[in-house]
Amino acid sequence: MTRETFLRLLDAYGADVTRWPDERQHEFLQNSSGLTPAVSVEVAAARRNAEEVDRVLNACAPLVAARRVDAVANRVLQQITEPIPFKKPWWAKLWRPEGAILAGLALGGLATLMLPPTPPTPPSVVQGSQGAQGSIDSLLLADMSPLER
Amino acid sequence: MITIGDWDVAGVSKDMDGAGGVEFDETLVRRVASGSAPAFEVLIRRHMRRTIALAQGISGNAGDADEIAQEAFMRVWQHAGRWDPDKGQFTTWLYRIVVNLCLDRRRRPQWLPMETAGDVADLREDAPAVIARKEHQRAVAKAMESIPARQRAAVSLFYFQELSGREAAEVMGIKPAAFEQLLFRARRAIKAELMARGVISADGVISDGVEP
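First to last, the sequence lines map onto chains A and B.
Take this note's numbering: the last position of the first sequence gets the number 149, and nothing is skipped along the way.
Take this note's numbering: the last position of the second sequence gets the number 212, and nothing is skipped along the way.
Chain A extracted, bound-state conformation (with noise of 0.2 Å):
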């Protein structure tokens, strides 16, 4: 392993060697004569500085006290425990009696669009007659010849 690396992987991981990753333990373990306190005065700083820089960061870890950690747990399985608010659909309010009105007059206007156009009233053949019966009894004798009568 290079100085540089060694530097380098001071700088990103720290002093704590185990904290290495698995194949750069095992390079530093294989060649590090040359990366010792005792050789170079230049590595000794670094690690004293890797090491100041870990502790220090050790100690900022965020603690949580337990009882945040139970507040925010409780919201969570309070949420999770509330009924789902039920979305009416939107025909829902058919059943109110606004609705119903609603609902009746539209039904009521489709199904005059849908009936078929009325035939014009034919004219009155006989003026005055006594009843619907004495009507069609007129039409009837009105188009016979007198023998047929």
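Treat the hints with care, as some may be off.
[Said to hold, decoys possible] Label pairs and their computed distance ranges (CB to CB):
| id | chain 1 | residue 1 | chain 2 | residue 2 | range |
| --- | --- | --- | --- | --- | --- |
| 1 | B | ARG96 | A | ARG67 | 26 to 34 Å |
| 2 | A | LEU107 | B | ASP86 | 51 to 59 Å |
| 3 | A | GLY108 | B | PRO38 | 50 to 58 Å |
| 4 | B | ASP86 | A | LEU102 | 22 to 30 Å |
| 5 | B | GLY35 | A | THR18 | 37 to 45 Å |
| 6 | A | ALA103 | B | ARG82 | 41 to 49 Å |
| 7 | B | ARG96 | A | ARG75 | 20 to 28 Å |
If you're looking for bench data, these hints aren't it; they were derived computationally from the structure.
As the structure is a prediction and not an experimental result, all values here were calculated from the model.
A virtual CB, placed ideally from N, CA and C, is assigned to each residue, including glycine.
Given chain A's structure and the hints, the job is docking chain B onto it.
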């Protein structure tokens, strides 16, 4: 109900088996996928502390961290069926959700020193040590605030959550070499800030007189 403080978060999910009455994460998530609220509660109690800590490490403040942790677990509840145990541990999936939620928040982070986040100070410490620790926290907070969110995520995963480089890279969805690069840049920036504030010196000599 199990007290959260009694849980060794990492230990439970890796060392216990179902026979001892403690279920694996995998079993729990499968039950959550079928709608089991009790299984979900066990999962929450087991992982909430670390989830909040990770979110706080990246987002930089307690309020956002709590919201992000809450949102992350809601996503677990809603999408538990999507988790594939063959593709990684549950925590990898959970932490990925947290990291993505943090990165999605575009707001400027306010990385606050830990004591402002409601942590209890250790009263057994002597005054100089407390002062030094607070100074370190301020320096780290300043440094963390100055680096990009992805670098904060790398530092949080590797140093605060103590994941390996490979695990952290997996959480972030990047290759180990890219993760190493992120960590390198982040640590360089933090080191520069610590040096500028006199917390550490260039040769690693402690400037505040506190024993390592």
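A quick look at each hint next to the structure:
no., hint, result
1, B:ARG96 to A:ARG67: 26 to 34 Å, "holds, 27 Å"
2, A:LEU107 to B:ASP86: 51 to 59 Å, "holds, 58 Å"
3, A:GLY108 to B:PRO38: 50 to 58 Å, "holds, 56 Å"
4, B:ASP86 to A:LEU102: 22 to 30 Å, "violated, 56 Å"
5, B:GLY35 to A:THR18: 37 to 45 Å, "holds, 42 Å"
6, A:ALA103 to B:ARG82: 41 to 49 Å, "holds, 43 Å"
7, B:ARG96 to A:ARG75: 20 to 28 Å, "holds, 22 Å"
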